[in-house]
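Could you build all of it, start to finish, from the sequences and the hints given here?
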Amino acid sequence: MATMNMIQAINSALDVKLTDDPDTLIFGEDVGYFGGVFRVTDGLAKKHGLKRCFDTPISEGGIIATAIGMGAYGLRPIPEIQFADYILPAFDQLVSEAARLRYRSGGDFWAPITVRSPYGGGIFGGQTHSQSPEAIFAHITGLKTVIPSTPYDAKGLLIAAIEDDDPVIFLEPKRLYNGPFDGRPGQALKTWEGHPAADVPEGHYTVPLGKAAVVRDGQEATVLAYGTMVHVALAGIAESGVDAELIDLRSIVPLDIETITASVAKTGRCVILHEASRFGGFGGELAALLQERCFWALKSPIERVAGWDTPYPHAFEWDYFPGPGRLAKALARVMENA
Amino acid sequence: MAEPQTSSHRLELHIPEPAARPGGTASFDHISFAIGAAARKPAPLAPEAELRELPFGLIRVMGTENSAWDPQLPPETMRQALRIMLQTRLFEDRMFRAHRQGKTSFFMKSTGEEAIGIAPAMLLGAGDMCFPTYRMQGWLIARGYPLEMMINQIYSNAKDPLAGRQLPILYSARDYGFYSLSGNVGSRFGHAVGWAMASAYKGDDKIALGFIGEGSTAEGDFHEALTFAGVYRAPAILAINNNQWAISTFAGIATADGTTFASKAIAYGIPGLRVDGNDFLAVWAATQWAAERARANLGATLIEFLTYRASGHSTSDDPTKYRPADEAAHWPLGDPIERLKAHLIQLGEWSEERHAQAGAELTEQLRSAQRAAEEVGTLGQSKPSVAEMFNCVFKEPDWRVIEQRRELGV
Ligand SMILES: Cc1ncc(C[n+]2csc(CCOP(=O)(O)OP(=O)(O)O)c2C)c(N)n1
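Residue numbers (the numbering used here), protein chains in the order written: chain F, 1191 to 1528; chain X, 165 to 574.
Derived from the structure by calculation, the hints contain no laboratory data. Ideal Cβ positions, reconstructed from N, Cα and C, are used throughout, including at glycine. Incorrect hints may have been included.
What the hints assert, rightly or not - The following residues of chain F were derived to be distant from chain X, with all beta-carbon distances above 10 Å:
# : residue
1 : V1227
2 : F1228
3 : A1257
4 : Y1293
5 : G1296
6 : I1447
7 : A1452
8 : A1478
9 : F1506
To be verified - Have a look at the derived ranges for each label pair, beta carbon to beta carbon:
#  : chain 1 : residue 1 : chain 2 : residue 2 : range
10 : F       : E1448     : X       : E456      : 56 to 66 Å
11 : X       : K205      : F       : D1210     : 40 to 50 Å
12 : X       : A551      : F       : V1404     : 30 to 40 Å
13 : F       : D1245     : X       : A198      : 20 to 30 Å
14 : F       : P1247     : X       : D369      : 23 to 33 Å
This is how it looks when you write it as structure tokens:
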């Protein structure tokens, strides 16, 4: 066991896989010699050689196309897209190729690729370094989308993603890289030091895709969140005084529908929290699934707390960001008819 | 001292137009067919910097005295090639008619372009991988893929190897070195490069052959793939099937006039070859040259095959709406089957009688394959189990497909 922040935990996952599977390799913009703009691949090229971890042209479409071709050959490529905002030039490759290859070829070819990409705001990154595009990928049949919220999960989920035979989008909440940020920007930076989920085994382990975590038991309401918002939710629940159950989805595809419905059936109330803008966001899908499956258990309408339906605004970051206060208000609303 | 310019210069937007539209006189005068620098056959291991004139010439063998590129194929190989090209043409004509008879929803032909898929299929290794366009059915025929299976796929019937999930002719046949096709043009060009890089990464000896239409070279995929191929010296042959037309759009809309598609290689630092694509022997020689170079770890070659799409774009297309009806007859590079046939006859290795007899034999094979496929059923008469719709979304189905399959009751 070692204490790791999320950068170190992801780096450790990559190191474990590069060590135990010669068919894995990492490539992306600035990931080789330099170790990535967030230092996530730091030291890997030096330790495992440039052929295992190398720089690419600034060509997201090219990076993913290359990864798919390598995957079809039999490798397990782990490409990095420097920011999730820049995954869009590769969108066609992900949607029309990676996600569809197995289906259209009758299982002849598949793309066991894991696309790592830092996502989310809270770092004053403006419109183009802050977005949360997970819902776009959730909509694409054939892709899996994984979003960790702690160093322990990040490592275990990433190893599981790499070992998975389907294409996985692995979104790393960059605001959590260095500490469990709870959505209150004024506070002194909290590090992962001392957090139970910062105790990370140095060797190989997996956290299965499609298995949500109950982060906090509760009886009165259910809060669904993933990534950065798990920590924001904890703060919001504390602020609200509501005895809410907090579920960290960990992967939105595959989705752990059983854990979610069991919780909402128990509490009868649900607030969904995500940083991406609300309209068409993944919260809409969750709300629809819950009303289909738990309607008669519901005691109040399902609430969504999310980013506003604007582009991610620079100066207004904290007005946009769905912080603990907004969650607490939503929890109060769902409790009104208690 | 020059006078300051006055505003007498008015800008004018240039919209290129083909030499002729319906009713006009077909002409290919704007294209250079001169052999030029390609009279010389450089060593396959020559440095790229010494090869930069090549993409402006034209590699030709047949009808050229002592061509340096003559692959010196044994007559039996050429006869076999002729049979496969003929089989491909007969197959496509037959399936085109099957579409007209309502037996399938869609079909595409490669009439006049057969040499381009078939020569590489015959000469590359069993472990190499072709990343085809939809005009490469000849590859499958050359590799001995069962005709009946092709027809089952075209009919999406109960024996469709792709289980009814894919549009006709968008085959996948891993064991035959044929990568999965998709309806998106160009999007697999980079896969060929990635696949080739993987072979190099593993220290294997397999190479990739990627195809793209000249119209699709305008996609980012093409340029991204060439960038990666150049940077990482991917052992790949990257081939442009320049058949002059992209549906109704002439090649002059895909690149500026006065240049060649092959010459795009120069900017990516890889060799570019421009080849008479209707000359089976030239296609063979150029592919072999590029393959030798790739296997020697010198990386990728871009090859432009000059050809002409003699048929419509697909069963949904009527080319007389946008080009002179007799344009094919004006195409200076002729027809690949007629040319190889004439070449063999001239060598005393073939005859009109043998040709007619081969045609009859091949037709009989096709008939029986079609009969067998139609016993299973044509589109709509027969289809794979509907449960197949839910398979292969992921390796293991998740609860959504399991529940939805149950909901549909299959
Ligand atoms: C990405 C994409 N854009 C547009 C189309 C529609 N489309 C199908 S074939 C075609 C023309 C392609 O021309 P070319 O690349 O020259 O190949 P050819 O058909 O001549 O062999 C077009 C525009 C498509 N299938 N995919």
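Hint-by-hint comparison with the structure:
no. : hint                            : verdict
1   : V1227                           : 20 Å, holds
2   : F1228                           : 24 Å, holds
3   : A1257                           : 6 Å, violated
4   : Y1293                           : 5 Å, violated
5   : G1296                           : 4 Å, violated
6   : I1447                           : 6 Å, violated
7   : A1452                           : 14 Å, holds
8   : A1478                           : 13 Å, holds
9   : F1506                           : 33 Å, holds
10  : F:E1448 with X:E456: 56 to 66 Å : 58 Å, holds
11  : X:K205 with F:D1210: 40 to 50 Å : 48 Å, holds
12  : X:A551 with F:V1404: 30 to 40 Å : 35 Å, holds
13  : F:D1245 with X:A198: 20 to 30 Å : 42 Å, violated
14  : F:P1247 with X:D369: 23 to 33 Å : 26 Å, holds
Hint compliance for this structure: hints 3, 4, 5, 6, 13 are broken, all remaining hints hold.
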